[in-house]
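Please build the complete structure, drawing on both the sequences and the hints.
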Amino acid sequence: MISLQGVSAKAGDFRLVDITIDVPQGEYGVVIGPAGSGKTTLLETIAGVIRTTAGRIIVAGADVTAAAPEHRRLGIVYQHAYLFPHLTVRENIEYGASTAKSAADITAQFELGPLANRSIHSLSGGERQLVAIARALARQPDVLLLDEPFSALDPRTRDRARRMLRSIHNQRRFTVLQVTHDFVEAGTLGNVAIVMDAGRVLQQGDPSNVFTKPASAYIADFVGAENVFAGTVRASASEHDTTEHDIAEHDTSERNPNGRDSTERAGGADGQNRAAEFSTGALRFYVVGEVTFGAAHAVIRAEEVALSATRSTRAESSVQNQFAGKIVEILNSGPLARVAVNASGTIIVAMVTARSVRDLELRAGSDVVVGFKATAVHIC
Amino acid sequence: MNRSPTVELGGARRAMLTVVVALVSSLFLLFILAPVVGLVASGGGRGIASLGSDSELRSALLLTATTATVATVLGILGATPLAYLMARRAFPGRAVVAALMDLPLVIPHPVAGIALLLVLGRGSSLGGALYAAGIRVAGSPVGIIAAMLFVSAPLYLSAARETFARVDPRYEAVARTLGDNAWRAFRRVTLPLSLRGLTAAAVVMWARAVSEFGAIVILTYNPKVASVLSYDRFTSYGLSEALPAAAVLVVLALIPLAALRALRTGDALSR
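Chains as they are written, first to last, in this note's numbering: chain A, 1 to 380; chain B, 1001 to 1271.
It cannot be assumed that every hint is accurate.
[As the list claims (entries may be wrong)] Here are a few chain A residues that face chain B, going by a calculated C-beta distance under 10 Å:
| hint | residue |
| --- | --- |
| 1 | 47 |
| 2 | 48 |
| 3 | 68 |
| 4 | 72 |
| 5 | 74 |
| 6 | 145 |
| 7 | 148 |
| 8 | 365 |
| 9 | 367 |
[To be verified] Pairwise CB distance ranges (calculated):
| hint | chain 1 | residue 1 | chain 2 | residue 2 | range |
| --- | --- | --- | --- | --- | --- |
| 10 | B | 1077 | A | 10 | 32 to 38 Å |
| 11 | A | 10 | B | 1097 | 56 to 62 Å |
| 12 | B | 1097 | A | 80 | 27 to 33 Å |
[Said to hold, decoys possible] To list a few chain A residues with every Cβ distance to chain B over 10 Å, as calculated:
| hint | residue |
| --- | --- |
| 13 | 80 |
| 14 | 86 |
| 15 | 123 |
| 16 | 159 |
| 17 | 181 |
No lab work stands behind these hints: they were computed from the structure. All residues carry an ideal CB built from backbone N, CA and C; glycine is no exception.
Below is the structure:
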């Protein structure tokens, strides 16, 4: 496991500030964040290459805050592999191997036997990365730190490398912390996602939660949420309200007495979800969840937005939020299409199938109804 | 197709510029090469032939090579850790240390000799202490080594520092996570990756030490190194007598130059 408790560190002019993260034993953590957010610095701080200025680092149950890198029982693999150029592939893998057998086993497992006597200058990018990972694993570390190891590889090689790593991780169950820019990689490989920016951790948790329930508009934007709206959350008129028209009718009569700056949670004391209303521009969304009253952002993933030719009645659909609008743009992307709709001055993006675009005869300028469920709206 | 007059003029101007650059470069190369080639052509044959009979020249050459080698070894031992430190660590006063280490390169070498004499001469406290311990600096090979070290070590330090700086510290970081302590990571990774650059730096230092005259002549006139012998023969017997020693010294200096070229060619091929 990897546990950082209030860790701060300094690398040149850059600072990591009060980092607290947990990746349980045997889990696969992914660190995502924009360039320069401190992801590599975080890995190097865990590795002991950069010293901490505050906090504690626990690796595999041991406090290694003051330990030298060679005593932390972890391996690090950088994007550029950093294979030792004066050594052969075999010598690289054997460099820090715990035993000769461990080096031989990992060489076989990564199918690197035929390359063993080659100079590293003759290897392809993918081969280099596999050798670098094999070299780190030959030491049988408790923790493997990966700094975008697959980002420079072609898609086929990347898939192969990921498969091999996943397979050996499943066998040995060491803890992994991987930096990546690739959200697909983060979603498919990781059990724990950590979002960083400007040397701080903004959010951590289950990757699907980070993608569907980002903690802030910034994270939502960073993880690729198409619909992020600034607005205000108010108490809903009634949990029995079902359309935006009804909500609008109750808006003035049952407004939250604390007003727009209130921070009262809309969720009940028992932790159950409650209905609320989110206003952005001329639109009002019906929202269900544990939300905070006042200024907030609503995030709706484009995949959660549906398009139809006509507005459904309550008897026909459970979709609570429906808005008439006009299509402003359709971008085709293989079997999917990204459709931008102007609904009362607010652009809402829907990701629908190309087949739906064809069947509904959607084109720029078409009138459509945009719909999404109240539970598809995440307030942050 | 008609070309515009501007293009024609541009082409002519470019051609003229090429001719001027070639002419200036040739004159510059000639200025450097002519004296060296003239010297070797005039005295090289005689110098090499006289090696068999001229024991003073033989001794001077041997002394030059030996003291330059000792100075280079001392320079490597003393300057390598400092070069590494300056390449890897940001510490207070690093810029000042770098400037101080360049000082011997900019002060006139006879002045360097005088400064060394002040510190290492028998009249100084350090020189006196060394003399009391049986180590005579001025007027001995020790003085020659000291003078050579003083004027040529900064060249090694500067080149070694650049060499270490070119080795990405992440190689060491990886080696550390693979179980090496700092010294082992340096020895097993950084040193092999820097070896070619450090060797080139040592060759430059050795060549500079071999060619030193100004500081040595102040500190130790006798026994004579090759450069002092050339000067001595020139002032005592004239140009003709100085030629063989001077030409052989040039040949001696050409050896490290050739080695340096070979190292750099190898470096380019390995990239």
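Verification of the hints:
1. With 10 Å as the threshold, the beta carbon of residue 47(A) comes within range of chain B, its nearest partner Cβ sitting at about 6 Å, so the hint holds.
2. For the restraint placing residue 48(A) at the interface with chain B, the shortest Cβ-Cβ distance is roughly 7 Å, inside the 10 Å limit, so the hint holds.
3. With its C-beta approaching chain B no nearer than about 7 Å, residue 68(A) sits inside the 10 Å limit, and its interface hint holds.
4. Taking 10 Å as the C-beta contact cut-off toward chain B, the hint placing residue 72(A) at the interface holds, the least distance being around 7 Å.
5. Because the beta carbon of residue 74(A) sits about 6 Å from the nearest beta carbon in chain B, less than 10 Å, this interface hint is met.
6. The criterion of a C-beta within 10 Å of any C-beta in chain B is met by residue 145(A), whose closest approach is roughly 8 Å, and the hint holds.
7. Because the closest C-beta pair between residue 148(A) and chain B is about 13 Å apart, greater than 10 Å, the hint is violated.
8. Proximity of residue 365(A) to chain B is violated relative to the hint, the smallest CB-CB distance being about 50 Å (cut-off 10 Å).
9. Because the smallest distance between the Cβ of residue 367(A) and any Cβ of chain B comes to about 58 Å, over 10 Å, the interface hint for this residue is violated.
10. Taking the beta carbon of each, residue 1077(B) and residue 10(A) are about 34 Å apart, inside 32 to 38 Å as hinted.
11. Checking the proposed 56 to 62 Å range against residue 10(A) and residue 1097(B) shows it is violated: the Cβ atoms sit about 23 Å from each other.
12. At about 31 Å, the beta-carbon gap between residue 1097(B) and residue 80(A) stays in the expected band of 27 to 33 Å.
13. With a minimum CB-CB distance of about 8 Å to chain B, residue 80(A) fails to clear the 10 Å threshold, and the non-interface call is violated.
14. Listed as outside the interface, residue 86(A) is inconsistent with that label: its C-beta sits roughly 5 Å from the nearest C-beta of chain B, within the 10 Å cut-off.
15. Its beta-carbon lying about 16 Å from the closest one in chain B, residue 123(A) satisfies the requirement of being farther than 10 Å from that chain.
16. The claim that residue 159(A) lies off the interface holds: its Cβ sits roughly 25 Å from the closest Cβ of chain B, which is beyond the 10 Å cut-off.
17. Every beta carbon of chain B lies more than 10 Å from that of residue 181(A), the smallest distance being close to 19 Å; the non-interface claim holds.
The structure does not agree with the numbered hints 7, 8, 9, 11, 13 and 14 stated previously, though it agrees with the rest.
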